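One line per chain: the protein sequences are A and B, in this order. All letters in the first sequence, in the order written, are residues 1 to 223 by the working numbering. All letters in the second sequence, in the order written, are residues 1 to 387 by the working numbering.
None of these hints come from the bench; they were simulated from the model. All of these numbers come straight from a predicted model, not from anything done at the bench. Built from N, CA and C at the ideal position, the CB exists for glycine as well. You may find that some hints are simply not true.
Derived list of chain A stretches under chain B, where covered just means 3 residues or more per stretch with a C-beta under 8 Å from a C-beta of chain B [unchecked claim]:
| hint | region |
| --- | --- |
| 1 | 27–34 |
| 2 | 74–85 |
If you want a taste of the chain B side facing chain A, the calculated C-beta under 8 Å gives, among others [said to hold, decoys possible]:
| hint | residue |
| --- | --- |
| 3 | Trp262 |
| 4 | Ser279 |
| 5 | Pro280 |
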Amino acid sequence: MSGKRGNTAFDSVSRRHFLATLGAGTAISLAGVTLGGKTGRTEVLRPPGAIEERAFLSLCARCGRCVPVCPNSALQLQGLENGMDNLMTPKLVPALGHCIMPLNGCQNCIEACPAKVLQPLDISELPTQELSRVLKIGTATLDTSRCIPYSLKQPCLACWEICPVVGAITIHGGTGKGKGGGIRKPVFNPEVCVGCGACEFACPTSPKSVRVLPAGSKRTEWN
Amino acid sequence: MDDGPGTLRVLLSTIKFGYLRHVIQAQIFILVLYSMTEHDLPVNVLWRIDPVLSISAAVAGHIFPLRFLFISSLFLLASLIFGRAYCGWICPLGFVQDMISSAKSLIQRTGTGMKVLYEFSHPGSSVHLVIGRGKDDVIGHVLYKKAESSMHGLLGDLGTGRSGEIMQINEIWLTSAYRGRLEGKVLEFAEKFARSREFTHVVAQPSRHGEITLYRNSGYGESPQGTYYHPLGGRFQTPEVFRFAKYALLIGGLMTSVAAGWNFLEWLTPMSVLPRALSPLWGIIEGTIMGVSILILVVLLAIMEKRWWCRYICPLGAILSLPSARKILGVRLDEKKCIRCLKCERACTMGIIDVRGQSGLRWDSECISCLACRDVCPADAIGLNWT
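With the hints as constraints, model all of the structure from the sequences given.
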């Protein structure tokens, strides 16, 4: 069979078509950049073990498998609140549930991740004071203008009671004199804090006095 | 291969590859479904062989995923040999679309056979010819005016296929007034035609309009006989320029990945659409909205036109088309054997065959080697061959 070789698409491409294709591609990429924005523009509280943000966004499969396995329902998929590039990537929402990894070493989300953008963390040998060397989701910060012991001079140590990390929240005061001097107040230590969000979860005020911010989070390298 | 048909070739020609292909596709589909129930297989099996995903992930994240790139470059090398055979034989999303268009043609086939109406008005002035599968296939309409003296010429043209347009006649109706006068000529023509083509029976009707109406499956434009148009009821036909859309999408997606660090093409490759859409089957409903909406889009478009996604959108298809332009093993058309019956044009999954024009496979690089054309070819003129 002496078959005639058909024309390929590339033989029949005119210069006009080629340029139009390039132009349309550029337009699509401009639209994508506008919608997606620069990666890392908004920092998000990621699940524990998340790799570095750029690699995370490029490799995360957006499959949502980390969400249902979380025993505390701490992980939520994002909508468009942080742009198209963050669409359906997981986010830790401590107000709905906190990460219990510092408590019992739960690695459910890490094991569920098929794209390996959540890397295993070995925290079994570490005392809780040194957890933040390995596990650092974010840093808890306290808004003293809302916090009950600071602003209302009423006793509340809900965050200190639930905090799984020894030394992350310490108690100050309680010995002073004068109005409110006898109230014990929580003080946050950002170096020790792992950012699990238990304090934000337990905080009784509304809005929350404690917020876990992604600042200072330790992200692993992708390998 | 030039020294006549060998035994193997004769044996192979009795096999319909379409069924074999669907069996393989179904098995891969089941394998994909099964592998997705395993905990970490979908990405590892399906996504790691995807060159689009690995390349755009590499440029978006400033990483060097060596394993992904290695496997996907093997994949690209394979398409240097087999072309886009992956799309035709393996891709689970392609299987879904194939099943949809099979179901569609099964529904449409009931009640409408290919019909040719050969109508004569006044034997001295003009001819009205209708070829089509039924009302739904009305696509062409051609005026044809010829003197009686050239009626013979027209029939001769039709018989030898020189007219270039009316190439397949399954039924010719011969009725009423002109039967006596022209029956002989039409039957003679039909006999001549039947030597190389298939038709069932012959009927003829007198015409009122003095024109030829061609009912064809696709295309419209100028012809020597007149102008076709695309009347209501014609099949949906996307302009061919849209084939560049997938290349634009590929370029745009990769540029987006570079500029925004966002793996834009992740939503669109067939590797991710199907697993994403079907993940509710085993209880993961979180990430399915995007997958399900894209799958619904794919299905709706596949109802309109065969493999619409693969033709115009799929970025994986676009990147596989690049090495496929110089592929070694692909579908070739033997123009000497071709009888211009247009069956392959109708059967072609990707809509790339044009045996009326000069070029044969017009978009050779987009051929998915599904061999639907080979299965329907009555003359064994088209099929897999080495370059």
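A quick look at each hint next to the structure:
1. Only residues whose C-beta sits within less than 8 Å of a C-beta in chain B count toward coverage, and the region 27–34 of chain A has 6 of them, enough to reach three; the restraint holds.
2. Counting residues of the region 74–85 of chain A whose CB lies closer than 8 Å to any CB of chain B gives 3, which reaches the minimum of 3, so the coverage claim holds.
3. With a least beta-carbon distance of about 4 Å to chain A, the hint placing B/Trp262 at the interface is held under the 8 Å criterion.
4. Annotation: interface hint on B/Ser279 holds; nearest CB of chain A at approximately 7 Å, less than 8 Å.
5. Residue-level restraint check for B/Pro280 is violated (minimum Cβ-Cβ distance to chain A is 10 Å; threshold 8 Å).
Taken one by one, the earlier hints fail for this structure only at number 5.
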